[in-house]
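Going down the list, the protein sequences come from chains A and B. If you count the first sequence from 1, position 635 lands on 635 in my numbering, and the numbers rise without skipping. Offset between the second sequence (1-based) and my numbering: plus 1000.
Any given hint might turn out to be false.
What the hints assert, rightly or not - Straight-line C-alpha distance at most 25 Å; calculated SDA-like pairs for lysine to any residue: (1) A/Lys-236 with A/Gly-259; (2) A/Lys-641 with B/His-1173; (3) B/Lys-1213 with A/Asn-605; (4) B/Lys-1100 with B/Leu-1117; (5) A/Lys-454 with A/Lys-217; (6) B/Lys-1246 with A/Phe-458; (7) B/Lys-1136 with B/Glu-1179; (8) B/Lys-1164 with A/Ile-606; (9) A/Lys-456 with B/Ser-1274; (10) B/Lys-1213 with B/Met-1157; (11) A/Lys-440 with A/Glu-602; (12) B/Lys-1287 with A/Pro-466; (13) B/Lys-1164 with A/Glu-602; (14) A/Lys-454 with A/Asn-616; (15) A/Lys-457 with B/Ser-1274; (16) A/Lys-457 with B/Leu-1306; (17) A/Lys-642 with B/Pro-1086; (18) A/Lys-457 with B/Pro-1286; (19) A/Lys-217 with A/Glu-243; (20) B/Lys-1199 with A/Lys-457; (21) B/Lys-1199 with B/Glu-1179; (22) A/Lys-257 with A/Leu-230; (23) B/Lys-1287 with A/Ile-455; (24) B/Lys-1213 with B/Leu-1127; (25) B/Lys-1164 with A/Trp-609; (26) A/Lys-456 with A/Gln-604; (27) B/Lys-1213 with B/Ser-1274; (28) B/Lys-1213 with B/Pro-1171; (29) A/Lys-457 with B/Glu-1179; (30) B/Lys-1287 with A/Ile-606; (31) B/Lys-1287 with A/Asn-558; (32) A/Lys-221 with A/Glu-205; (33) A/Lys-642 with A/Ser-655; (34) A/Lys-339 with A/Glu-279; (35) A/Lys-456 with B/Pro-1171; (36) A/Lys-454 with B/Ser-1274.
Calculated directly from the structure, the hints in this document are not laboratory data.
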Amino acid sequence: MEDSTSPKREKANQDPREAGQPWEEVTAASSQGLESGLSEPLELEQGLETGPQPRSPPQSPQSRASIPLDDLTGPGASYPPSPPQEASYTPSPPALARQDLAAPWQSDKTTSVNPEAGTPHFHYLEQSSDKGESTVSHTFQSEGSTFQQSQQTKHDLHGPENVNYNNSKQKELRFNIFQDEDSNSNYDLDYAEPGVSELAPSMLEITIQSAKAYLQKTSSKSGLNLYDHLSDMLAKVLDERPENAVDIIESISQDVKMGHFRKKLDTLQNENEMLPTYEIAEKQRALFLQGNLEGADQELEDEIAENALPNVMESAFYFEQAGVGLGTDETYRIFLALKQLTDTHPIQRCRFWGKILGLEMNYIVAEVEFREGEDEEDVEEEDVTEERDDADSEADEDDEDQLPRTFYKTPQAIPKEENRTGANKYVYFVCNEPGRPWVKLPSVTPAQIVTARKIKKFFTGRLDAPIISYPPFPGNESNYLRAQIARISAGTHVSPLGFYQFGEEEGEEEEEVEGRRDSFEENPDFEGIQVIDLVESLSNWVHHVQHILSQGRCNWFNPIQKSEEEEEEEDEEKEEEKGEEPDYTEQEVGPPLLTPISEDLEIQNIPPWTTRLSSNLIPQYAVAVLRSNLWPGAYAFSNGKKFENVYIGWGHKYSPDNYTPPALPPVYQEYPSGAEITEMDDPTVEEEQAFRAAQEAAVLSAEENEETEEDEEEDDYDQE
Amino acid sequence: MGASVRPSFSEGLGGEQGWPEALRGRGPQAVSGILTALRRAGLWSPRRQLLLATWQALSRALGTMDAESLLLSLELASGSGQGLSPDRRASLLTSLPLVKRDYRYDRVLFWGRILGLVADYYIAQGLSEDQLAPRKTLYSLNCMEWSLLPPATEEMMAQTSVVKGRFMGDPSHEYEHTELQKINEGGKVFEEEVVVQIKEETRLVSIIDQIDKAVAIIPRGALFKTPFGPIHVNRTFEGLSLSEAKKLSSYFHFREPVQLKNKTLLEKADLDPSLDFMDSLEHDIPKGSWSIQMERGNALVVLRSLLWPGLTFFHAPRTKNCGYIYVGTG
């Protein structure tokens, strides 16, 4: 038998632990079963302490929790061969004992302990324990000395009965015990006073039930109930064993109540707080690991040979001499991010353009040039944007059909420049933080540049954010960002004189186009310029990015009919744009490429550039630093041979005055105002009198010319 | 919490308010001298010795704080692209302690720089024991020789408000401003053009004061008000928590409160008088003039002022590291 029940014995050994759980965890016991598991040992304990066999108080909670188990397994001892059906009957003796034990407790609780009431119960208890000894000899004998031992032995002997020990049953057993008891006549026979035993339990049962029901009433305020709370409190007291528990019972109660709130909050906060930290760390980890992925040495050599990656750290070092630049740490991350970009895209040239600060996030901008024939993706995008432009113009036309007819003619849309030319010479990628994905910016249209010059907005850091402005900006933030990048590049990208030279072959091809050349190449014979010369003379620096005309293009596009609006625009932007385009309307011509920056226009007596040496203390090794006053945040350095440009700022152009949005255009006239619709002033008394006199005179002399003359005079007056 | 530290401290010193006062501005040598004097006078106890030793240690830590934290602060504020070149950094680290010694400041803060067309102004501020007392401002063009600026006055403000454009970088540069003045002469009113000369130094003073009043900020709890009035650095400040760091209400203007007095009693009910004695950024006008960003994966919170672009405030949550730097055109 023991062999066959060995797996069940294991379960039996687990049970005390389960029963012990409520004692360990200070939580609101939601399941009824656990509560009853809790309460029973308590009652029993109470009973035992008042009983004849006083127990030694210091015992571990686990051993107490195992008491009900003992009781349940106890009866099993009296019926070793009991079949499973009998299991429902078997618990009755200990249940009875418990009932009896509960009785003195009940009396202690309800009535004050008087010896008279105490003795019968006492006697009763003795009887039951006598009975217990007769049937289950182990249980109560061993109770006084060592609980665990007895428990152990019982488990070994009577594993199978423990199967019935589950929480729900236990509760049933507790209250419905007496039916069983009645059926078990042999117990009644053992009792000295059977009448008492029959009457008292039923009353007790009702009082217990009603008391318990009352205690379990859920508070409408806090959603707790006293029963759970008390059990939690007692659990806490027994768990922590504080000194003088009775004195601090109020604060224990408070602690238990507060515990309900604290726990949930903690878990919520923790998850929210740490998530973004890990997210970005995880993403940046990928950057650091990408080097390990390409294992082969040959590949590595090839890559080093044709590397598009710039030496960001070197430039950062020089910029640091100038007191510009992001921290070393951030720069290195950007460096890695650029490496990722060049590895994943067919890029011929790549450059760290700068950083644009935003309200929510910042943009890190990379300027790249695709390898020949590898930028087909752009074509689709172009089509989309063109289609959209078409749609816009169509919509305008539809509007024009409605009444009243407007005389406003939409200026002809100026086509945007082809990729690899003008403002779209380079492609720009942006990302918010190193490690986040690079996003390619759409190519810029002239209309966007023209509008971007008139507005001043902060970037948010979200590329899809709408640009709400007057005049309305065609596109969202990605377009605005691209337009600003184009403007900043055109204004601030400079290089030492002689570093670049015009490309000869291409130059001839482009010659027809207004005799200007817009391509250049590195001068292999460049010997470098003395740093001192670079600092002292601005004419040693040249622009190597084409100037953007007020049309919004670098190369002038001749619209078939040039509308007047553009001329106005030119005037408006004259001050704003540093360029010095001539005034004639036939053709806008900007300064040619590689024009010295000494020819840049001043803005209200403020020179556009500031140069200085990076260090006055050790001028021998200092670098020349160029700071743009037009675009605060744009810097260039050169050590004579090398140079680099960077922009770190808000993407705003400097203006000494506050920004004022352009005024609304004048309201168009709905119809030509003429004499027939002009309201006339009422004639004054004098006039009327004069008129009357004149009429009389007319009657007399029949001259009517004066009248009409007078009218005309009045009309003239009104129009003035 | 912070407030409770200070009273017990002074109480431990025998309840004599003069003690910390007497020790202020003196080095550890002075303290040990005082110790000997005390021992002779029989006013000595081990408890006092312990307290004095603590005080010594703290003052030492405080004295070196700025110089040492400057490098870290610059690194933390570098996200805006504003830094100092290595030679400037080195000279600041050399000259600021000297400034602190010579002017007897409690703390010297590097404030930032104002970019001029010809040269840049480097600005430092000296604080006395009372952190909110008017700050002394110094400027330098080469980070070594510092000159004290006069305190800003209303008159200066009015005078320099007409000047626009960039700083030159020459403190003796004079801006010319022509304004029309009405002159009464024998019942006749003339309008006469008067050329006003405004020195750049004056403008510098007023701009720094304006920036300080508008956007100098400090996290809540970094300073605390003692029951006796003066405001001290809170040594128990352990940084804002992450959720607090994302709220504008956790940052205060580093100046005498202006709006606090206008608050109703109900609004003031939740305020802790020892910590909430300055205006918070929450109700700044114009609204939305601050950009809060979490950088480096929540390890750093950066506030940038849009009112004065160029001002960057940084704070690493749960650490004491915080500060602001202004690098801009003024």
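Results of checking the hints against the structure:
1. A/Lys-236 with A/Gly-259: Since the Cα atoms of A/Lys-236 and A/Gly-259 sit roughly 11 Å apart, the hinted pair holds (cutoff 25 Å).
2. A/Lys-641 with B/His-1173: violated (36 Å)
3. B/Lys-1213 with A/Asn-605: Roughly 30 Å between the alpha carbons, so the hint for B/Lys-1213 and A/Asn-605 is violated.
4. B/Lys-1100 with B/Leu-1117: Roughly 29 Å between the alpha carbons, so the hint for B/Lys-1100 and B/Leu-1117 is violated.
5. A/Lys-454 with A/Lys-217: violated (71 Å)
6. B/Lys-1246 with A/Phe-458: Holds, because 20 Å separates the two Cα atoms, which is no more than 25 Å.
7. B/Lys-1136 with B/Glu-1179: Status violated; Cα separation ~32 Å.
8. B/Lys-1164 with A/Ile-606: Given that 25 Å is the threshold and the Cα spacing comes to 11 Å, the pair holds.
9. A/Lys-456 with B/Ser-1274: violated (42 Å)
10. B/Lys-1213 with B/Met-1157: With a Cα-Cα distance of about 13 Å, the restraint between B/Lys-1213 and B/Met-1157 holds, given a limit of 25 Å.
11. A/Lys-440 with A/Glu-602: Roughly 34 Å between the alpha carbons, so the hint for A/Lys-440 and A/Glu-602 is violated.
12. B/Lys-1287 with A/Pro-466: Holds - the C-alpha atoms of A/Pro-466 and B/Lys-1287 are around 20 Å apart, at most 25 Å.
13. B/Lys-1164 with A/Glu-602: Within the cut-off at roughly 15 Å; holds.
14. A/Lys-454 with A/Asn-616: Violated, at about 40 Å.
15. A/Lys-457 with B/Ser-1274: Violated, because 40 Å separates the two Cα atoms, which is more than 25 Å.
16. A/Lys-457 with B/Leu-1306: This hinted pair holds, its Cα atoms lying about 11 Å apart.
17. A/Lys-642 with B/Pro-1086: At roughly 20 Å apart (the allowed maximum being 25 Å), B/Pro-1086 and A/Lys-642 satisfy the hint.
18. A/Lys-457 with B/Pro-1286: With Cα atoms ~15 Å apart, A/Lys-457 and B/Pro-1286 stay inside 25 Å; holds.
19. A/Lys-217 with A/Glu-243: violated (31 Å)
20. B/Lys-1199 with A/Lys-457: Violated. B/Lys-1199 to A/Lys-457 sits at ~33 Å, over the 25 Å cutoff.
21. B/Lys-1199 with B/Glu-1179: Distance ~16 Å between B/Lys-1199 and B/Glu-1179 Cα, so the pair holds.
22. A/Lys-257 with A/Leu-230: Within the cut-off at roughly 11 Å; holds.
23. B/Lys-1287 with A/Ile-455: holds (20 Å)
24. B/Lys-1213 with B/Leu-1127: Status holds; Cα separation ~15 Å.
25. B/Lys-1164 with A/Trp-609: holds (18 Å)
26. A/Lys-456 with A/Gln-604: holds (19 Å)
27. B/Lys-1213 with B/Ser-1274: holds (21 Å)
28. B/Lys-1213 with B/Pro-1171: Satisfied, since the Cα-Cα distance of roughly 22 Å is no more than 25 Å.
29. A/Lys-457 with B/Glu-1179: violated (33 Å)
30. B/Lys-1287 with A/Ile-606: violated (32 Å)
31. B/Lys-1287 with A/Asn-558: violated (46 Å)
32. A/Lys-221 with A/Glu-205: Distance ~30 Å between A/Lys-221 and A/Glu-205 Cα, so the pair is violated.
33. A/Lys-642 with A/Ser-655: violated (31 Å)
34. A/Lys-339 with A/Glu-279: Given that 25 Å is the threshold and the Cα spacing comes to 21 Å, the pair holds.
35. A/Lys-456 with B/Pro-1171: Violated, at roughly 32 Å.
36. A/Lys-454 with B/Ser-1274: Outside the cut-off at roughly 49 Å; violated.
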